[in-house]
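J.: Chain by chain, the residues run as shown.
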Amino acid sequence: MLKKTHSMLFSASNRQFYLSAFRVYLACHVLLKIALVMPYYDFAFGIEGLNPASGSLPIFFFFDQEIIREQCFSIIALLSVLCVLMAFGVGKNAVVFLVFLLVEVLQRSNGFILNGGDNLLKFNLLYLSVCDSFSYLSTGSAQRRRSKESRLSNLLTNLGVASIILHLLLVYFVSAVSKIHSDVWFNGIAVYYIMNLDRFSGSALNSIIGQNEYLVTIGTYGTILLELVFPFAAFHRTLRFPLLFMGILLHLSIFYFMMIHEFQLLFIAHYGFFFSDQEYRSAYCKLREVFRVVLPEGHVHNH
Amino acid sequence: MMLFRDPLPVLGKVFRSFLILSALSVFAIYWFLTLLYVTPNNPIRIDFDTELLTFGSLFYQRWSFFAPPPRYNIGLYYTFTDKADPSLVRVFDVSSPILNSKKRTLPYNEGAELVDYMIFGSVDSLSQSIRSALRLNKYQGLPRTDEEIIREILSFETSVHPSVVLLKRYGEIVAAKNGIEFEDHYLTVTATKNPLPRFSKRNSPDRPEPELLFRSL
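Chains as they are written, first to last, in this note's numbering: chain A, 1 to 303; chain B, 1001 to 1217.
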């Protein structure tokens, strides 16, 4: 048991491929957010904007909120450049950490516009900044894969990956337990209220679903069940496929019916961590056989 | 000679072991505090209250989404009263345009979403602040009247509550959009709670009456 734990902690991570893909995804996620909200940044963060925040920024005491509001476009431009560097793996962990810092500064300067996705994003960036996520999809990755990483680097990467996965499982579990504690969820009618909220009414189907007792009850209890079971079944070889499929369905439903977008995509993006590098390699080989297309030789690192 | 072996490899190994131990310790402590932070109030959590306050300032997180979901929709109305002639009053429904814009500009509705989060987030924050202040006042034995507390929070002229300031700033935008001179008018912000019918009465033609959430002073 001790030997197995020691091996798990100090061997090279078997999530290197998806870790690299996740790094690229997070960089694109932040870039997309910037691009979509760019026309409104002055409104949210600028001097002439709505945000009344003043004084020094919580935690980042050397940042005065007036400076951030005056320089919001410079900060956002810098963040965009760092995200591009992060996507290509330039600057390695230092750039990832800087992205985390700037995202945190922007989040603290206007707490009104944040949602759970922004909260989770912050933690993902923090964990990613200690991981070696540069074995794939980055400059010099081929050479990196050939070289042997230090025990400390492997440990930090494994702890970082474990933290990313643990945090997702924690979110599901806490969300489920909070729901069970709430009357409307316990009694199977929460989806009725959610579907009838004007703020989150994304389609004409919302009111139809909200009126139907079967859909309401199945939706309510189904959500609780999925979130409760997820942390325990996500690594089960047989159960994880239907579980992840149901999870994707849940998040896409929230995406469509409740108009909550990047948040749901971020959750779905975590699901790749439930497959190892060997499984990705095996899937890639099978894909090549099925399609009989000349694809580059898979280089998913063997452990 | 053995006594005079180069100490650097040994020191390097000691330093590496120290780093590894530190990493494992930080991981263990971080996750212990995270798990404690997300649990509801319990005796162990209360014991670590000070540490969790500091932890929360760095790693704030709340994962109880829609638990419970709101059971009402919010209506927000801005009333501009002419200072020179108080009989001249203009009332604007502020909530409906924001929500309509959010739906109309799907799927790229980030702009409308920003306004939604800021305005309705402020309304939620303000009503929670009022409730908390009233509850605290009661807990402290009612040293002040409810009216004094509400006046302190909702007075648009003097309040420093961030949500009040934000709603007032939005009033300037609404005024400008409707050709109203903001400085020449008094602004009153009224938020209402429009309760959703109970599930068992969802098909009933009778709808619950809107209730006042707060009105600025």
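No lab work stands behind these hints: they were computed from the structure. Incorrect hints may appear among the rest.
Label pairs and their in silico Cβ distance ranges [claimed, not checked]: (1) Phe88(A) <-> Leu1021(B): 33 to 39 Å; (2) Gln278(A) <-> Arg1198(B): 51 to 57 Å; (3) Val290(A) <-> Leu1021(B): 46 to 52 Å; (4) Ser1127(B) <-> Lys286(A): 26 to 32 Å; (5) Asn1041(B) <-> Arg288(A): 31 to 37 Å; (6) Phe1048(B) <-> Val290(A): 52 to 58 Å; (7) Pro1195(B) <-> Glu48(A): 34 to 40 Å.
Straight line, CA to CA, 20 Å or less: simulated SDA-like cross-link-like pairs of lysine to any residue [said to hold, decoys possible]: (8) Lys122(A) <-> Leu1033(B); (9) Lys1013(B) <-> His6(A); (10) Lys1168(B) <-> Leu1142(B); (11) Lys122(A) <-> Phe1065(B); (12) Lys1083(B) <-> Ser1155(B); (13) Lys1168(B) <-> Glu66(A); (14) Lys1168(B) <-> Lys1103(B); (15) Lys1168(B) <-> Gly111(A); (16) Lys1168(B) <-> Glu1152(B); (17) Lys1103(B) <-> Phe263(A); (18) Lys1103(B) <-> Ile209(A); (19) Lys122(A) <-> Tyr1060(B); (20) Lys122(A) <-> Ile1020(B).
Each residue gets a CB set at the ideal place from its N, CA and C atoms; glycine is no exception.
J.: Range first: 52 to 58 Å. Now tell me if the beta carbons of phenylalanine 1048(B) and valine 290(A) are that far apart.
T.: holds (54 Å)
J.: Below or equal to 20 Å on CA atoms is what counts here, so check lysine 1168(B) against leucine 1142(B).
T.: violated (29 Å)
J.: Just to be sure I understand the hint, the distance between the Cβ atoms of valine 290(A) and leucine 1021(B) should be within 46 to 52 Å; is that true here?
T.: Taking Cβ atoms as reference, valine 290(A) and leucine 1021(B) lie about 48 Å apart, which means the hint holds.
J.: In this structure, is the beta-carbon distance linking serine 1127(B) and lysine 286(A) contained in 26 to 32 Å?
T.: 56 Å Cβ-Cβ, so the 26 to 32 Å window is violated.
J.: Need the status of pair lysine 122(A), tyrosine 1060(B): alpha-carbon distance at most 20 Å?
T.: Distance ~10 Å between lysine 122(A) and tyrosine 1060(B) Cα, so the pair holds.
J.: Does the alpha-carbon distance linking lysine 1168(B) and lysine 1103(B) stay inside the 20 Å limit?
T.: Judged against 20 Å, a Cα distance of about 25 Å means the pair is violated.
J.: Do glutamine 278(A) and arginine 1198(B) keep their Cβ atoms within the hinted range of 51 to 57 Å?
T.: holds (53 Å)
J.: If you check the beta carbons of proline 1195(B) and glutamate 48(A), does the distance land in 34 to 40 Å?
T.: This hint holds: roughly 37 Å between Cβ atoms.
J.: Could you grab the alpha-carbon distance between lysine 1013(B) and histidine 6(A) and see if it respects the 20 Å cut-off?
T.: holds (17 Å)
J.: Taken at face value, is the distance from the CA of isoleucine 209(A) to the CA of lysine 1103(B) at most 20 Å?
T.: Holds, at about 18 Å.
J.: Holds or violated: 31 to 37 Å for the Cβ distance of asparagine 1041(B) and arginine 288(A)?
T.: violated (55 Å)
J.: State, for the Cβ atoms of phenylalanine 88(A) and leucine 1021(B), whether the hinted interval 33 to 39 Å holds or is violated.
T.: About 34 Å separates the Cβ atoms of phenylalanine 88(A) and leucine 1021(B), which means 33 to 39 Å holds.
This entry does not satisfy hints 4, 5, 10, 14 and 20, going by the numbered hints stated previously.
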